[in-house]
Structure formats: structure tokens, C-alpha cells
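Participant: Below are the chains, spelled out letter by letter.
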Amino acid sequence: MINESFIRSMEEIVGKEYVKHSKADMELYSYDASVVPTDMPGVVVFPGTTEEVARVLREAHRAGVPSVSRGFATNLSGGTISHSGVVVALSRLNEILEIHPESRYAVVHTGVTNLELQEAVAPFGMFFAPDPASQKVSTIGGNVGENSGGPRCLKYGVTSNHILGMKMVTADGEIVDVAGPAFDPPGYDLRGLMVGSEGCLGVATEIIVRITPKTESVITMLAIYDEIPHAARSVSEIIRAGIVPLTLEMMDNTIIKAVEMGAPCGYPQDAAAVLIIEVEGMNAGLQEQAEKIEEICMATQCREVRTAKNQAERDLLWKGRRGAFGAICNLSPNYLVNDGCVLRSRLPEALEGVREISEKYGRPVGNVFHAGDGNLHPLLMFDSRHPEELEQAHKAGWGIMEVCAELGGTISGEHGVGHEKQEAMHMIFSGNDLNTQQDVKLALDPDNLLNPGKVIPLPPEGQRRLPPSEPTILRRPGGAAAAGVKEAMGIIKKARSEKKAVRFAGNGTFNGIGNYSETPAQIVDSLQMSEIIEYDNDNQFITAGAGVTLAALQVKLGEKNQWLPIRPSYFTTDSTTGSIVAMAAVGPERVSYGGPRDMLLGLQYIDSTGSMVSAGGKVMKNVAGYDMTRLLNGSLGTLGLITEATWKVATRPETCRMVAAVGSHEKCYAAATKIANSNLLAVSVTMVPEADNWKLVVGFEGLQIVVPSQIKRCAEVMQSIGLAVSGDSEYPLEEGCHTGAFEKIWQSPFVLQADVIIARVLECYLDLERIVRPDQVLLDVACARIHAGFVDLTAEQWKKIDSLVKRCQGHVVVLKASEAFRKSNDVFGSTRPEWKLSHAIKGVLDPDRIFAPGILPGRV
Amino acid sequence: MTVSAYYDDIAKCNKCGFCHVACPIFRTTGHESGVARGRLALLRGIIEKRVEWNEELEDPLFTCLGCGACTTNCFGKIPTTDLVLNARAEYLDKIGKKPAHRLLFEHLLPYPKRLHVAARAVALGKNSGASKVANALGLLRIFGRDLPKAEGMVDKLPMSSFRGTVKPGVYPGTGDKLKIGYFVGCGMDVIQVQAGKATFEVLKTKAKSVTVMDNCCCGLPPYTYGDLGNTKLLARKNLDVFEKLDVDLIVTDCSSCASFLKKYPKIFKDDERDAARANKELPMIKDVVEFLYADEQDGKKSSDEAAGSYHDAHASAPQQLTGTGKGSVIVTYHDPCHAVRGQGIKDESRGILKNLPGVTFKEMAEADWCCGGAGSYALTHYDLSQKVLDRKMKNLKDTDADILVTSCPACMIQLAYGIKRHGMKTKVFHISEMLDYQEQLKARQQ
Ligand SMILES: Cc1cc2nc3c(=O)[nH]c(=O)nc-3n(C[C@H](O)[C@H](O)[C@H](O)COP(=O)(O)OP(=O)(O)OC[C@H]3O[C@@H](n4cnc5c(N)ncnc54)[C@H](O)[C@@H]3O)c2cc1C
Ligand code: SF4
Ligand code: SF4
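In order, the protein sequence lines correspond to chains C and L.
Numbering (the working numbering) for the first sequence: 1 to 860.
Numbering (the working numbering) for the second sequence: 1001 to 1446.
Note that these hints are calculated values from the structure, not bench results.
Do not take every clue at face value.
[Stated by the list, open to error] Under 7 Å between C-beta atoms, here's a sample of chain C residues computed to sit facing chain L:
| no. | residue |
| --- | --- |
| 1 | 22 |
| 2 | 24 |
| 3 | 27 |
| 4 | 28 |
| 5 | 31 |
| 6 | 74 |
| 7 | 91 |
| 8 | 137 |
| 9 | 318 |
| 10 | 319 |
| 11 | 323 |
| 12 | 326 |
| 13 | 334 |
| 14 | 746 |
| 15 | 749 |
Built from N, CA and C at the ideal position, the CB exists for glycine as well.
For reference, chain C alone in the conformation it holds in the complex:
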């Protein structure tokens, strides 16, 4: 409870000046940008350091006081409203701490705004991809809290795809570093889980963000339509053509008028809709892509396409779009905005549904939205001084969420659940799904003190858990009905009742992954789960049983000229897609396409009680609930048996070509870093020893009109650094250009993978050589990853390597080793404090430790 002595202790921690508790102050912290009912906190504190945040939370934990972390409170779902708790206002944590353009990351306090970060990295030719319309006034902490998106997320993905790690404070006030600047650390993907967790799992104080080189140029177009469905068709057709525009934003007539009434931006007021379409990339071929887009638009009954002639025209087009929410004030004092997401192809139906609901409740509506992602933003207008109008707006908002769920979508694509959409979670999740999410929350916050009572619907009076109901609206194909799933559920139920261990396998290619387990375990394989459950090439997703091999999946996708852009390093044609998920397996293309964490839209798995749990969905953006998909990804089968996964798929590149060059390791590395950090958009950049020298291999994939010029410029860079270019060649799409190298490494009895930062790859490798000379090696410079094979590896050498890699800000994992080695060493290296959190989650989701005991980092 908040009483005098609690306030005194807050004042002792942060200083009197930074503790506020007058009535007027509480009024000032009773709201955010949402239209949910306001509520009064008990006290507001403004900590100035991570240490102070930790002390505040420790004290709150001791006193049993709930807390809410707060950026600038621009969230639209009630996420920062507190009932009698302590508001931890992070506005004083506002420094940009480090910028490392050469390793493509920056470290910032969570109170830095998105725009401040953009401005800080711009001089280095870099940008931070997420660009919410509120970027001027939303903090990185808030962006992380909500997993915010923005127009250019169509091409680059949402916040989660650009967060590498963070410093956070746990519910009991402990400071923990989660992940770091190096890719994919061992243990559960806690940073993935933290992103979008709406302040319910921990308070972040510093964030490590990934920054991206700016491309050469951009073309901005305005396509004008007489009918909304025509605009929607253009959207689908453009993406189908294999062009990934930077943005595809739609505004309807109401919004156009509202914007033009305020500050004219040159949108035609008689249009039913306009699209703002932007393409960016290399100069070469960009004009052609723009022309192609124009052609597609005209073929789908567009009235006219205008192209911005200069930066000023471009800015003007965007000014209208960014100000669209605010422009509503020209029509009505207030608005309520929804952010449901549907499949692209169903946009016309969704908009029709929105229109009907708006009429039904008598609340006028305007639509401005991320059409490329199918992410709606209906703005329902009302006057907050009239309670009945507010009520109508809320009802209409609820109705719109229902429409989205009916169309197979989700209730929130970027603004979060908070208070506003809590009950609507039932539309898309089962009681068991929601209980599981709540379990994760309680694993990290056992006393339910962090932003309590948000996101997950509360159980009925007097009950601890939600009843195991089905989702009220969303129907998910597959699940328990898919081939092989029922049997597996039976086995797991039985194992649970007998408290016997089980281990999951695909085709058994990777049975030796993870720590050596003393516990005998029954093997459950996923091979029967070999169905393609749903494939929608129009909307570019596929749901496949975990037993479907990657090769089979690619064949299926190939029929429609699509593919899943992953080439895991040590995979064979037999390896299953389930194992990709369980191992978070990737190859050197991760730097440009991302890993499974970036391509998974949703999945289903069998939990330790033998019940199905669904996570995510099949739409491109989804922030409803905690990110269970990312939690399961890379969990090594320790949380459940993944039965199916839904993947976002891509159009196959027209061509895949690599260019290679030979020279000293210094020169290869110098060229590699230069290329990796340039705007050449290489898909992979690796180097391997060759005879007395090294060979640098750079892959490019994409359109015929672009790739040759990339190759040419890449070769120029190589030459300018003094490498001998040994020519370029086409390579097969499925295999990529590295399979030979990985096969050789895998033949070694010991294989390890170390992740560091780009600037230290070579240094780390050379030091590693001094500890023990690898027999085979590949340096994946762009991913900052060292793959090495050894004839032998002693425990002592392993320890030295582990501390070397840690010094280089990374982590190292032994992927393959002798049984003797595995028995006596933790293959994930020395303990990372964050593993404690992984173990807590494991303990709650699998209390009897029946799933693969002992294999997790820390040998749990």
C-alpha cells in the first residue's frame, strides 16, 4: 500500500524533487492517449538511473505496491493507467548512450524518443526501421512495450525485428541484461518476449537497437482511386509481383477531406481513396520498379498515379499521412482508433464491415491504414463530453474487432491490448492459450505487481484461472485436428501423469543439440505432422505441420513462385520445419531476411499438460498478448511439442548471384565490413580460408534489373581494397552459396558457433586461433558469426573460448561435440544472469520438467 512511509522511501531513492503525489499531480497521471476510463495512481516517481529504477521496484516489491512503467504515455490502449500504484516515469532516462555504425547497433535509454534516435544515427547513414506516426513523441521504451509499427514496417518489420537486447529491471528489483548486441543468444528469446509485453514483465531501462544502412534512393507515389476495392487490389497485386515496397498506406475519402481541411497536402478531395506507395533501394532498377507499380495500379483501375518530384513534395505527402489521426479534429473533437489486422485480400470486406458498424452505432468513421500489412486504423469520431457518444464509440470499436477476428485476423496489430482490448482477447485465444500467457507473466512477476490487470482477461470472480473455453470467434485450422497431433497429445499426457521425460525430434538430424541429458527420455517425433494445413499464396503465408521438411515446404511454395527465405547452416533435405523453429536455425542470410523469429507469424504446440496452445496468428502484424511465438522459437523442445507453424513467405528472387574475391584475411575482412555496412543490400557476406589466403563471398538476390549492378559495385569495393575478384556466378535458390563450407565444418567432431559484433569478428577469430586452431572455419561477417570445426576441444580450451567471446560482447555455443565433452561441460558456455528468467518460465510451463530435462543452458 502507498502510505507516508512508502512515499518517504521513494523520496530517499530518487530525491524529493522527483516524487509527486499531490492531487493535481495524480490527475496529470490519470490518462494516456487512449479513451479508456482514467484512473488515479498513488504516486509518481522519476528515477534518473537504472539503479534507481531497481531500488524503486525493490521497495515497491517489498511493500506489495503495484507499478506501471511509463514513457510519454502516447499509447492508445490504456497501457499506462494505474490504479493506486506507483507510476515509474522514465522521462529522465533520456540519453543516447552508444552508437556503433560499424557494428550496426546503438544503445539508448528507454526515455529517448524514436525521432531522437533517428536523428542521432542519421549522420552515419543509418536509421532505426520502426517509424510509428507518433515517432516524435513516443519513447523507445514505449515502442518496445507495445511492439510498435509504422509505414515502413511493411518492408522492414516491426519493433521486435530491430531490438537486439536490453537492460531491464525485474519485478523484484534486480537488474538483468537480456541478450546483447550479438545475434541470437542461447536460452529463451527473452528480448522477443519483452517486446510487446506492455510493461507487464519487467521495466527496460536501456535498449540495444539494430540500425540499418539507408538505401540509395526512394520514389514516392500517390495513387488515386475512385473505389476502395480497386485500391485494395492494387495492394495485393503489387506485393504479388515480387516488389516489396517500403510503404503501402491507404487513406479514405473522409480522411483525405479532414487532412485537406487542416493543412492541404495535395490529395484530391473527390477520390474514394489514395495510396501512398514508396519504393526504395539501389538507384539501378528503382525507376523500373516504380513504373511497374504504376502499371499495376493502372491495371487495377486506378484513376491516376502522381510521383513526388522532390523532397518537398515527398514531405508534403507524408505530412498528411502522419497527421491523419490529428486531422480528425477538423471533423470532430475526439476519436477512438482501432488497429485490428486482417489478411490483405480481405481488406475490402473488412472496410465494408467497418462502414456498417459505423452506421449501426451512429459514429462517423475515417480510415487511414497500413494497407500493405492489412492493418486497419478506423477512426471513430465522438465528443468526449457526451458519455453516450463515447459508449457508442466503444461498442463500435468492439464490433470492428469482431469483424477482424471473423476475417481470420487479430484484434491489435500495433497499439497493444492494455485495458482497452483485454476482454476482446477471448475472440482469438482459448482459455488455455490465455492461461499460458498469464503463467509466463507470473513466472517473471510472481506477485503480479508489474502493470497488473492488463492484457490478459481476468478470470471470473472467485476463480484463479480462466475456464478452458475455445476462442469466441477465430477459427484456427489444424491444431488438434491435424495429422499426428492427437497421438502426440496422448503420449505427453501419459508422460506427465507418470512424470517421465520426453524428447522431441524431427528427422533426428540434430539429436545432439543442447546439453547432455542424464535422464532417459522417450522420443516423440513429429514426422506424422506432415500436412500443409493452409497455404494462401495471395496473402503470402503457409501453415505447415512440424514434420514437413524444409525441402518439401520449398517445393510446395515453389509451385506459386514463393519460398521461405531461410537456409539453416547445417540442414539437410531431411530436416523438418519444426526443428527450424525449435532450434531457431538460420544461415548467413539472416542479416538480410531475418531468422525464424522474424518469419513466424504463429504456431501451435502441445504443452506439458498435453493440451494445445496457440500463439500468434496468420496476419502480418499482431501484438495481441505476449509473444509466445518468439518464446517457443529456439526453445529446443523444452516448453512443448511444436505441431505446426505459420510462416510469412516471400516471392522467389528472380536471380541469386554471388561474387567472390581472394586476398589476405585483413583485406577480406575490411571489404566484408565495408560491404555489410553499406547500402549495397548484400544478402550474405562470408569469408573462408582458401589455400594460404582467404576467400570473400558475397551473395545478392532479387530482381534481374538490380542484382547485376549490385555485383558490379560490390566487385569494385573488393578491388579498391586490393582483393583479386575471382568472378561471379549464379547459385541455386534453395541451397544458397555456402552449403559446401558448412558441410565441411559439420564433418569435424567438434563444431561451435560464436556470435560477436561486426567490428570484432576478425579480432575474435584470431584470438580463438591462438587458443586452439580450428580445422574448418567460416566467418559470417555480416551476422558477426564465427563457425568453426575442431578435431578436438578440451574443457580448458572451451573455457578460454567462452571468456574470449564474452569479451567480444558475444556468446558461443558448442553445436557438436563428443559425448564425453558434453557430459562434463555446459555447451552454452558460462552462466548468463538472464538464464534465471528462462528457468523460471520453464518451471512454470513445465513444472514436472518432463520436456527434455537437462538440455537447457544452465543444464536445466
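Could you slot chain L with the ligands onto chain C? The hints should help.
Facilitator: Same frame as chain C, now just chain L with the ligands:
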């Protein structure tokens, strides 16, 4: 009018938070009470009877700089500054006015002569170190709790005011067309006397005649303190002066005065007769920045015409004043709130400076952010104002400027103080002083 009269404006706030972007107070305190969204929320709370009039409202109402940056970023263009000022009046009514500022508003500001005498007294005290409390700013401020700390803001005060040397009256100029009235703001009159002289000299080169006006305070200080009665009193006195003049333009070198004089019709909105009088004068009022820029453009045009290249003004050869933009003296500009948001003047100042010979103009980051001076603000809220100033100084440092130019006397004091505190060498110039800046630089070096 009471707060409730503005319910429509206040209800337009959607709590989107966009006003946080450039609110100097919010970016300094990080507290919601410092920003438009918060201030409006409290006003709404008052109207809806959740919040009571009491002293808890003092900070939210009185820490506002009135800089208007929030309105610029607000889609609904909610006029927070005005709403806050109105609420201040109501606050003072309900919670009580402090007597010290009354003295100033009612007994000094309306009477230029009394002001001059007081200034001289204070200057004597200050310059001789005889009086601890005396500092010239006492004339322009509302005495606040932070006053003792603000003492050191002005080193030395002119012994004589501008109008003490150049008496009100008509002076011949060397120009051929215009008759100009020079409105002398209090700050220019008693503190930035040097700059006032520079303006006077410049105007004389441009006009057939320059009338140094016998105006009183424009009324902004009582207005920012929510004292509408005294504001109107001053405005009426000035309108009387205006009406007796025979001039084509009224020019002032204080951007705060200029923006407030342009606002006269609004303060008389319940007062038809005075509003009509104010509206009649409105077209004549010019900020000196506007005037100088327009004059330069005119000059360019006519000489282009002479050269027969009227259609391609930009390609024409540099005029006598035109610099290369690559001089050895680095100059930057601070936008007074009352110029950039008060009057929409931004490009004009750059236009003038970029054209000066021997000058390299370098834009500073956040040039249009308030410096924290905000008239008397620096005195009433010293600590907060200094934090706002620190941010300005950092941006200034990044430009390496030799000269920082602006066009408001209060900004000049605040900026010069900041420069001193941060141990920098940059000189602060009024834009009028820039036209012969080389001479001025020499004079100051001595
Ligand atoms: C006009 C307008 C336009 C918008 N446009 C977009 C848009 O285009 N895309 C989009 O995605 N959103 C948009 N938003 C919503 C909002 O701006 C985003 O959700 C933003 O990321 C919130 O940032 P914030 O700093 O205001 O966070 P807050 O609102 O303060 O917090 C948001 C959530 O994150 C949590 N949180 C904050 N800081 C931390 C931390 N350090 N550690 C842990 N949890 C934390 C909070 O507890 C809360 O649950 C818009 C909002 C408005 C008003
Ligand atoms: S920008 Fe305007 S509408 Fe938005 S919170 Fe500020 S005052 Fe309110
Ligand atoms: S006028 Fe200036 S100080 Fe006052 S709320 Fe607006 S931006 Fe902030």
C-alpha cells in the same frame, strides 16, 4: 472570462502527446504538469469539477513559458498559451495576487519617465555594487521566489536609457520614401540601449523621417501574468499615441512587443470600439526583422530591374550588402518565440544574415526552441529556466558561432547570461546591430 468559457477548445485535446515534442519545460522536467496536454487536463479537470482551484495549480499554470511550441505541434492548434494566461488571471483572482507585481504593472510600466528614473536608480545601485536587491530586471519582472538567484543575470546596466539620450520626437532620415515610427520597447529602452541605438541609426538610413515614439510598455508583462485589466490600460495608452502619429509604418526592434502589438485586436475582443481602433493600426505594425528583409528584397528588385534581369532574381549579381555566405565570421540565429510562432517570422532573419558580407551562417539545432528567458520567466523560475537554457547552450556550442543573433531583448539577456555561465566566447547581437557588425565587434573588443 472563466476557464469554462474555453471548454470547446479544451475538449479538443485528444491527449495525443504531440505537444511534448518541443515543449522546453517538459523536456527539462519530464513532468506532465509542464506540457500543454497536462495543463489542459487540469483545466478540464477544473471545468468538470475534479480539480479544485488551489495552490497545487500554481506550477502547472505559471511554469508555462508561453512560447507556443505546443500549439505548433498540435493538430487541433489548441491555443494553450492563451488558455493558460486566462487561467492565470482566474487563479490570481481566486488565490490572490502578489502586491509586488502590481506596483510594477500599475505604477511603472504605463509611465516611461518613471520607468527611466527607476532604471537609473537600479543601475546606480547595481553598477556600484551598493545594493544587493537591485538589478535592472526588477523593472521587467514579476518578483518571484527565485529572485535572489537571478541577481547575477545582468552585469552592468546602462546609466541612461535610450530615450534618455534620444528624446521622443521626429528625426530626419536619408531615405526617400517612408515615414517610420519607432516603437521603443521597455527592454530596448532601458537595458539593450546599444541595440536600440543601432535600430534607430538603421531606420534613419531607410526612411525619410523616424519618429521616436513616446509609447509605454506594450502590455505583454501584465498579460503573461494574467492581468488583463492592466494590459488593456497599457494598450489603450499606446493606441492613443499611435493615432496621433503621422507615419506610414510602426517598426519595433523587440519581437515580443511586435507580436503583442499585433495581438491588440484580440485582447479587445469584447470591446468593439477599441478593437476597431486596434484593427486600424494593425497593418502598420512591423517587426524590424520583417522590415529589414522586405527592404532588402525591394532593393534587390529595383536594382535587378535596372540591370534588366527582373525575371531571374536569384541569378542576379550580388548587391552591395550581399555576402558570399562563406565569410570568416560564423553567425547563428536564435528565434524568439514571439517572432517565429508569434508572428511566423523565420526565413526573413536568415535571409538578412546570409546576405551579409564576410559572414558564414550556420543554423543551430532547435533554433526555434524557447531559451527559457520568456520575459520575466528567468526570474520567477530561475532553476527551470536555466535548465532550458543549458540545452540551448549545447546547441549553440555545436555551431562554433562567433555571433549569436536574435531580436528580443529578454532573449538577449538570457542568452548572454548562458554564454557567460558556460564560459563561451560567443557575442550576442541584436539583428539591427548586424548591419555594421564589423564596427560593433571592434567596439566590443575594446
Ligand atoms: C497520434 C498518434 C499516432 C500513433 N501512431 C502510431 C503508429 O503509427 N504505430 C504504432 O505502433 N503506434 C502508434 N501510436 C501509439 C503509441 O504512440 C505507441 O504505442 C508508442 O510506442 C508508445 O510510446 P510511449 O513512449 O508513449 O509509451 P507509453 O504509452 O508510455 O507506454 C506504452 C507501454 O509500454 C510500457 N513501457 C513504457 N516504457 C517502458 C519500459 N521502459 N519498459 C517496459 N515497458 C515500458 C508501458 O507500461 C505501456 O504499457 C500512436 C499514438 C498517437 C497518439
Ligand atoms: S498536441 Fe494538442 S491535442 Fe495533442 S495532447 Fe497536446 S494539446 Fe492535446
Ligand atoms: S507554451 Fe511553451 S512552455 Fe507552455 S506548454 Fe506550450 S510549449 Fe510548453
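Participant: Hint by hint, say whether it matches the structure.
Facilitator: Status of each hint after checking the structure:
Given hint, residue 22(C) at the interface with chain L, holds; its Cβ is 5 Å from that chain's nearest Cβ, closer than 7 Å. Interface hint at residue 24(C): satisfied, since its Cβ lies 4 Å from the closest Cβ of chain L, which is below the 7 Å cut-off. Annotation: interface hint on residue 27(C) holds; nearest CB of chain L at approximately 5 Å, less than 7 Å. The interface hint given for residue 28(C) holds, since its Cβ lies 4 Å from the closest Cβ of chain L, which is under the 7 Å cut-off.
The restraint placing residue 31(C) at the interface with chain L holds, with a minimum CB-CB distance near 6 Å, inside the 7 Å limit. Interface restraint check: residue 74(C) against chain L, minimum CB-CB distance 4 Å, threshold 7 Å, status holds. Among the interface hints, the one on residue 91(C) holds; its C-beta lies about 3 Å from the nearest C-beta in chain L, closer than the 7 Å criterion. For residue 137(C), the interface hint holds, since its Cβ comes within 7 Å of a Cβ in chain L; the closest pair sits about 5 Å apart.
At about 15 Å, the closest approach between the beta carbon of residue 318(C) and any beta carbon in chain L exceeds 7 Å, and the interface hint on this residue is violated. A least Cβ separation of about 11 Å between residue 319(C) and chain L goes past the 7 Å threshold, and the interface hint is therefore violated. The interface hint given for residue 323(C) is met, as the beta carbon of that residue sits about 6 Å from the closest beta carbon of chain L, less than 7 Å. Restraint check, residue 326(C) versus chain L: the minimum CB separation of about 2 Å is within 7 Å; hint holds.
Interface hint at residue 334(C): satisfied, since its Cβ lies 6 Å from the closest Cβ of chain L, which is below the 7 Å cut-off. A least Cβ separation of about 53 Å between residue 746(C) and chain L goes past the 7 Å threshold, and the interface hint is therefore violated. Taking 7 Å as the C-beta cut-off, the interface hint given for residue 749(C) is violated, the closest approach to chain L being about 57 Å.
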